[in-house]
Structure formats: C-alpha cells, structure tokens
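Since the structure of chain Z is provided, determine the placement of chain P on it from the hints.
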Amino acid sequence: MTTVTDDSHHDDHHEHHIPTGIKRWLYTTNHKDIGTLYLWFAFIMFLTGGAMAMVIRAELFQPGLQIVDPNFFNQMTTVHGLVMVFGAVMPAFTGLANWLVPMMIGAPDMALPRMNNWSFWILPFAFLILLSSLFMEGGGPAFGWTFYAPLSTTYSNDGTALFVFAVHIMGASSIMGAINVIVTIVNMRAPGMTYMKMPLFVWTWLITAFLLIAVMPVLAGAVTMVLTDKFFGTSFFDAAGGGDPVMFQHIFWFFGHPEVYIMILPAFGIISAIVPTFARKRLFGYASMVYATASIALLSFIVWAHHMFTTGMPVGAELFFMFATMLISVPTGVKVFNWVATMWRGSMTFEVPMLFALAFIVLFTIGGLSGLMLAITPVDFQYHDTYFVVAHFHYVLVTGAIFSIMAAVYYWLPKWTGKMFHIGLAKWHFWCSLVSVNVLFFPMHFVGLAGMPRRIPDYALQFADFNKWISIGGFAFGLSQLIFLALLIKACKKQGEPVSGQVWEGAEGLEWEIPSPAPYHSFETPPEVK
Amino acid sequence: MKKILSKAESVLAVLLANPVFAESEKHIDQYKLNMTEGVTDISAKVYDLHMLMFWICVVIGAGVFIAMFISMYFHRKSRGYKPATFHESVKVEIAWTVIPFIILIAMAVPAANLLFDMEDASEPDLTVLVTGSQWKWHYKYMDNDVEFFSKMATQAEQIDGKFAKNENYLLEVDRALVIPTGKKVRFLITSDDVIHAWWVPDFAVKQDANPGFINDAWAKVEQPGVYRGQCAELCGKDHGFMPVVVVAKEPAEYDKWIAEQQAIQQKAKEEEQRLLAMNMTMDEAMALGEKVYNANCAACHMPNGEGLPGVFPALKGSQIALEDQPKHIDVLVNGVTGTAMQAYAKQLSMSDLAAVVTYERNAWGNNTGDLVQAKDINAAINGK
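Protein sequences appear in the order of chains Z and P. Its first residue numbered 134, the first sequence is counted upward by one per residue in my numbering. Its first residue numbered 227, the second sequence is counted upward by one per residue in my numbering.
Among the clues, some could well be false.
Stated by the list, open to error - Below, in silico cross-link-like pairs of lysine-lysine (DSS-like), each with a Cα-Cα straight-line distance of 25 Å or less:
| hint | chain 1 | residue 1 | chain 2 | residue 2 |
| --- | --- | --- | --- | --- |
| 1 | P | LYS553 | P | LYS572 |
| 2 | P | LYS258 | Z | LYS601 |
| 3 | P | LYS410 | P | LYS446 |
| 4 | P | LYS271 | P | LYS410 |
| 5 | Z | LYS330 | P | LYS317 |
| 6 | P | LYS271 | P | LYS258 |
| 7 | P | LYS517 | P | LYS542 |
| 8 | Z | LYS601 | Z | LYS552 |
| 9 | P | LYS482 | P | LYS517 |
| 10 | P | LYS391 | Z | LYS601 |
| 11 | P | LYS446 | P | LYS482 |
| 12 | P | LYS388 | Z | LYS601 |
| 13 | P | LYS601 | P | LYS495 |
| 14 | P | LYS303 | Z | LYS560 |
| 15 | Z | LYS623 | Z | LYS156 |
Because the hints were derived from the structure by calculation, they are not lab data.
So here's chain Z without its partners, still in its complex pose:
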C-alpha cells in the first residue's frame, strides 16, 4: 500500500469554503465533520442514558421504594435501553464509519454527502421527541425497550405515539447511513483495493449496512402496527380481534436479533485493526475473519425466537432455534481464536487502545459464553427474564460494543486531531472503567441465577447485598466516564503532543499514510494499492 498527496495548498483552498460557527456544522457535507457530529451526539446520548441508569441503580441500591415510583422506574429502564441502543451505540459506529471508511479505502469523502448530512441531522430531533415524552402527562414509554404488545398498545399511555415517531426517524436515519456506507465501499475503493484487501473494519461495516437495510424496515413495520393497534382500532396483536400478541415478538425479534449483530460486527472490525498494530504482527486468518463475519450475519436471521423460549412455542421450533443459536458460537469462536493467534508470538505493547481491545476480548468472551448458556432451551426457562440475561447483554454491549468504540476513539483520535491524547487521563479512564464495570455487571449473574427477575423496581431481601455492590459499581462506572469527557474536551481543544502520520509504530493501512490531522478531503487523488 502506498502514497498519498499531501498538499497543504489544496487543504487551504478548501478551508476557505467552510462556513464558520453553527452553519459549518448544520450545512456540512464533509465525512469528517459528520463523523464528529455523530460521535459527539453518541457521547451525549451515552451520558444521558447513563444518567437514567444511575436513577435505576440508585433506586435498586437497597430494598424498598425510596427515590422513584414504579411507573417512572419503568420509564427509566425503557428509555435507558432505547437511548443506549439507538442513540449511543449505533450512532457511534456510524460516526466511526464516516470518519474511517473513506480514509481506509482511499476515497475523498462518502459517496452521498448531502444524504449523509440529512441522516445525521434528523437524529437529534428523534431523540428530542423521545426524551420530551418523559416530561408530558402520563410520562414516556414504560413498556421496556422491546415494547411487547399489548402492554405497548391497549395498556400504554398516549405518549406511545411520540415513541413510534421517534423510532421511525431513527430507522430512517440508520437506513440512509447504511446506504451511504454500501455505495461508498462498492464504488469508491482506490484502484487495486479488491474486496479481499479491504481492512476488516470496512468489511464488517459493509455487512452491518446490509443487515441494517434488511431489518430496520421490519422495526418500522412493528412500531406502525403498534400505532394502528393503539389509535386506529386494528388488532394485529390483540387476540380478541383475531390477532396474536406473540406475533409481535416474532416481528420484533426478527429485527432485534440482527440488531444485536449490528451493534457488535463493527466492534469485531475495530479489534481486528487494533490487535495486529500493537502485536506488530499481521492479523491471523484474514479470510476466515471475513467468512466468519458473513456467516454470523446470515445466521442472525434464523435465531430470533431464542428470545422467546417461554412464549409457548412448539417443541420442534424450540429445538430449531436452540440448534441454530448454538451454531453462531462457531464463527464467533473463530474470531476470538484468531485474535489470540494474532497476539501469539507477536511483539506486544500495551498502549491505551490495546488495553481496551484486550479487555474487550476477555469480557466479550465472557458475555459470549453466557450467551451460549442462554441458548440451551431447558436451562433458559430458568435464566429467561432474570438478571442473568441483564448481565449477559451488558457484557456484550458495554464491555463489548462500548469498549470497542472507546478503543477505536483512542486508536484513531491522534489521526483525527493531530495530537496525542492525554495518556495519563486515558489510563485512569481505562482502569477505573475496567474495575467498576465488573463490579457493576458480574454480580448480576449471581442475583439472576438466584432468581431476581429483571425490570423490577424493588426486590426480595436475599438480593440486597449484591445489589448494593452492583449499584456502587454502577456509580463508579458512571463517574469514570467523566474522565473520558475531560480527555475528549482536551483533545478537541487540540491540546497534546503533535503526532506523526504513522502515530502507532505497528499501524498499517491507508489512513496511516496521510498526515495527522487528516486533510479535509482525505485522498484528493486515489492512492494505488498494490
């Protein structure tokens, strides 16, 4: 891989056309500006959803109701989930795709820059609508982020309409983002960059984008049926009118399970970029990584009902979904084995991005293994809807998806700003997060196995001690993220040591061949990839 033109004249030329102040951000069609917007939006949503998690943990600090009433507690669990999934994790990955995909494939920008602007700018409005419902009469959605009918239809408040419209806008935004990623990757790769030479982050995002286009319309269908069931007298999910409440769950999880992989496949791409850099050794099994990602994506369409083992499916269906789900652990295992094999006999150093990547591998594997346990139908009857499930999906989403996003930010931030971030703060952020996140989520396995159901505002006395520890871990994890905030503010003020284009000793790929900070249009003339 080679060469890039670094022409500061060109750079200046473009700077002249950039509006200043708020207009720069409102009108921008530049992939880097939009990437930055997405990432800051995701971080603000992460802190917002985190604040709701703090309310939940404060209420659960001890038995009894002390701080909020059960109805508001349900709103907190619901909106926490929606904000974290649709507001934090997904936009953060889209932000990373915006910043990185053009730089990694040798393109000047995303293929559809105006749509890119639009897909970001409708997002704040979606969340404004969703969050404003919390302040209205009746409050926000209180039926869980999975909005099972008929709790979300006949038995919900009128704010449900706001929830439905907010989800529609989020879905439209995701679909547009996904189309942009696909068009960019298919059409704008530098000469010589064949599909099997693309960095894994590009591969995983390409597959993720297809998943998004396949399932976001299904979600849109589900919320629309909820809307018409509630307000317009249809009976999709009402047995009294010939519908079926369980059908809602089939539709929701047909979206919901691929959605889970939408939130983890780009993470696999990030880890596959970081581990080779700091092991100073090429990624082990590149081709099998690509095939594993594709198989996970395909399998994700035939496992949805493992979320529904207790709904009373026929035994044959339960067996099918159990076996299909177990099968997913094979390609996922291949990925973990490949990362370990990449480290094996490498020459490792432990800079902050690598610390997060290593924590990801260990903790995501724990979350993956508890997922394998959950796949086993007979025991799932005991695990289902308990804190064991809460522990499982927070291990794969917080120490999985979110840790990978943090690893990515630390890895590419010097490339974006041209300055090394504050390493001391970064290490504090890592170690505080690592310890507190395990105090927070590990004991949830125990209370779940001991019989504590999820989504309850109060609990029996035998769960008291662990819940106190879980809450303490939660508060500590929440506070640790303020270190990250301080570090990011410093970075955006361009404080820190200047870095070279290469930044990290072992880094390879087109994005490291352009200067730091990356020029406004990464590649004005396409580089030649050998």
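Quick look at chain P alone, frame taken from chain Z:
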C-alpha cells in the same frame, strides 16, 4: 387494608407454625450465587445441565484466556520478543471450527432430551388454570369447584420503609396455590390483560401468560413445602409486586384442604344471596369500602384517589364518581374495554362492590352522600 393484612398474616402464621413448612423455610442467604436445584426431578436435571454448560464454558474460557495471558507475558516488546510472521494456517483454522462444533453436539443431545420431558404435560393427575392480570394471579382448580385470586400480601408500609421488612418481603401472598405432592400437576397458563409470566424457580417452570392463548407446564413435587417465585415478564407498573407462592401438601392433607375450600366457597355464595337483602350503614360501607379499595384499586388509582395523570384516571373530583352513579357501577362491574380497568363483577362480592362504590363517592372530598347497597349492584349485574 389492615383487616386483609391481618388475615394474610394469620394464614402465613398458620403455615409457618406447621413444622413441615417451617423447616422448609430457608434462612435468607444474602450471597446465594447459583441456580436452585429445586424440588422436582426436572428442576434437578435443569440444574445439572446448567452446571455442565457452566463448566464447559469455564474450560473454553480458561483455555482462551491462558493462551492470551501467556502471549501477553512472554511475547512482549519490552522483553525484546521479535514478532513471528505467520498469519494463517488452514489446519489450525479447520481444527478450531470443527472441535467447537463437536462440543456443541455433545451439549445439544442432553438438552434436547430434557426439553422433550419438560414439554410433555400429558396425562396429568390434576389441572390448575393460572390466569394473570394486572397485578395478581387467579387460580382455578379444573377438577373441583374452587377458584380464587392470589395477591401480594406485603404491606405498603414495608415497601415505603415505614415498617421493618419481614423475611418473605415481596414474596408473600394472601392466598397461596395449594397442590398435592407426588402428583403430576398441569398448569394451564393464560392472561386477562397484558403478558405475564408464571415462574416458580424450584419447579423450573416459567411460562408466559399470553392474553387469548393458553400455555401449559407441569410439575411433580415430591417434598411438601412453600415455594416462592415472581412474575417474570414486564407487565406494567406493579410488575415487581406480583409474587407466586405455591404450597405443596401431602395428598391426604390436600384432599382435606380442597374439600374445605369447596365448602367455604359454596357458603360464600349463599352468604352473598343473604346479604342482598341487608343494608349497610354509611359507616360500615365506608370501612369495608376503604379496605376493598386499598386491596384492589389503590395500585392504579392511588390511595389518595388521584390516579397517575395520563396513565390511570383520578377518582377524586371525577365526573363519574361525583355525578353519574349508574355509569360508576357499570365501570366497576364490567370494566372498560381497551383500558387497564378490569371487570370486577367476578372478582369481588356484591357487598364489596357496593361498599367500594360508596367509598369512592364519599372519600377524598367526594362528598356526594350516596350510599350504594348490594342490591343495587345485583340490579346492575343481573338486571333485577
């Protein structure tokens, strides 16, 4: 409220005084780490399968992490380790695709066998229809003429922290489901409103209660005892306050109990007819009405009658409670379709309904002075 609670407490006191039940009541184990082995053959098998899965996962995880930590310790730049250049190996990659696959098959076989046993609810000795509704369970014995509601018995004062919390905080009910030991009991599970899930960890039974559909599950309990669980599917505001308590009794004791219940329910029906002819005074109606209100209505309409704006309507100052008495009775008796308001005609006696209507029309400043009698309710239900 107090009367109902003292009744619940006395029921519990009787249960606890019985040595068999007292023994089976475990002390609170604050650091319980693992799944219960339960008290049925199935629950023990579920526990064994869980442990098998757990140890397989531990071994796989340990293998991966050990390899990783060896590499992190030995293959580091600070020790001067020079990186190798290998980056693929077809043999190794095939091995770690095929071996996990074989392990999975080894897991799948016992899991499938156990699943067939769990799902086989055929040929039961006894069938109970379990119906969830916001936020209580209803049990109906299909082979006897016995049915009743089962509601959480923990006092609001314990939840608010005004009273000390007792041992079975949130896991105690006014009337527990009673089943015989050594018999295959089939549970038919359904719901009257949203989706609930009936869960007793000691039986390894957890089934969703879907409105309009019936699921089944079964348990054969060998040991007498009190077994506690909770609703496991988010079902609205008081999802966390919907416990399940099952008491298993020796068959002889069970037969005695069910006969008693049948007699009591028969008598209650006769009593209701007798009460139709009687009139309550205002004070009697208000006292009974407050008790009934707090047990059945306060969860949504709140003890102060103000409801939750936008979710559950206020009764205090409402047009129906102040003016439209026939509509008021109609709402209580038949419920309101398309809302969370249930039909109480089958849940409460006519005198209870009369008292609670009276209470709602005269409490919290709703001073209508209206006194409703059981016969008024009877007229609304039976058109007499």
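We went through each hint and held it up to the structure:
Of the supplied pair hints, the one linking LYS553 (chain P) and LYS572 (chain P) holds, its CA atoms being roughly 18 Å apart against a limit of 25 Å. Under the criterion of a C-alpha separation no larger than 25 Å, the hint pairing LYS258 (chain P) with LYS601 (chain Z) is consistent with the structure, at around 14 Å. For the hint linking LYS410 (chain P) to LYS446 (chain P), the alpha-carbon distance of about 5 Å falls within 25 Å, and the restraint holds. For the hint linking LYS271 (chain P) to LYS410 (chain P), the alpha-carbon distance of about 17 Å falls within 25 Å, and the restraint holds.
With a C-alpha separation of about 23 Å, the suggested pairing of LYS330 (chain Z) with LYS317 (chain P) holds against the 25 Å cut-off. At roughly 20 Å between alpha-carbon atoms, LYS271 (chain P) and LYS258 (chain P) fall within 25 Å of each other, so this suggested pair holds. The hinted pair formed by LYS517 (chain P) and LYS542 (chain P) meets the criterion: a straight-line CA distance of about 17 Å does not exceed 25 Å. Only pairs whose Cα atoms come within 25 Å are accepted, and LYS601 (chain Z) paired with LYS552 (chain Z) is rejected, the gap being roughly 41 Å.
At most 25 Å may separate the alpha-carbon atoms for a hinted pair to count; LYS482 (chain P) and LYS517 (chain P) exceed this at roughly 30 Å. For the proposed pair LYS391 (chain P) and LYS601 (chain Z), the alpha carbon gap of about 17 Å is at most 25 Å, so the pair holds. Note on LYS446 (chain P) and LYS482 (chain P): the hinted pairing holds, with a Cα-Cα distance of about 19 Å set against a maximum of 25 Å. A C-alpha spacing of about 20 Å is found between LYS388 (chain P) and LYS601 (chain Z), which places the hinted pair at or below 25 Å, so the restraint holds.
About 15 Å separates the Cα atoms of LYS601 (chain P) and LYS495 (chain P), which keeps this hinted pair within 25 Å; it holds. Note on LYS303 (chain P) and LYS560 (chain Z): the hinted pairing holds, with a Cα-Cα distance of about 19 Å set against a maximum of 25 Å. With a C-alpha separation of about 23 Å, the suggested pairing of LYS623 (chain Z) with LYS156 (chain Z) holds against the 25 Å cut-off.
Hints 8 and 9 from the list above are not met by this structure, while the remaining hints are.
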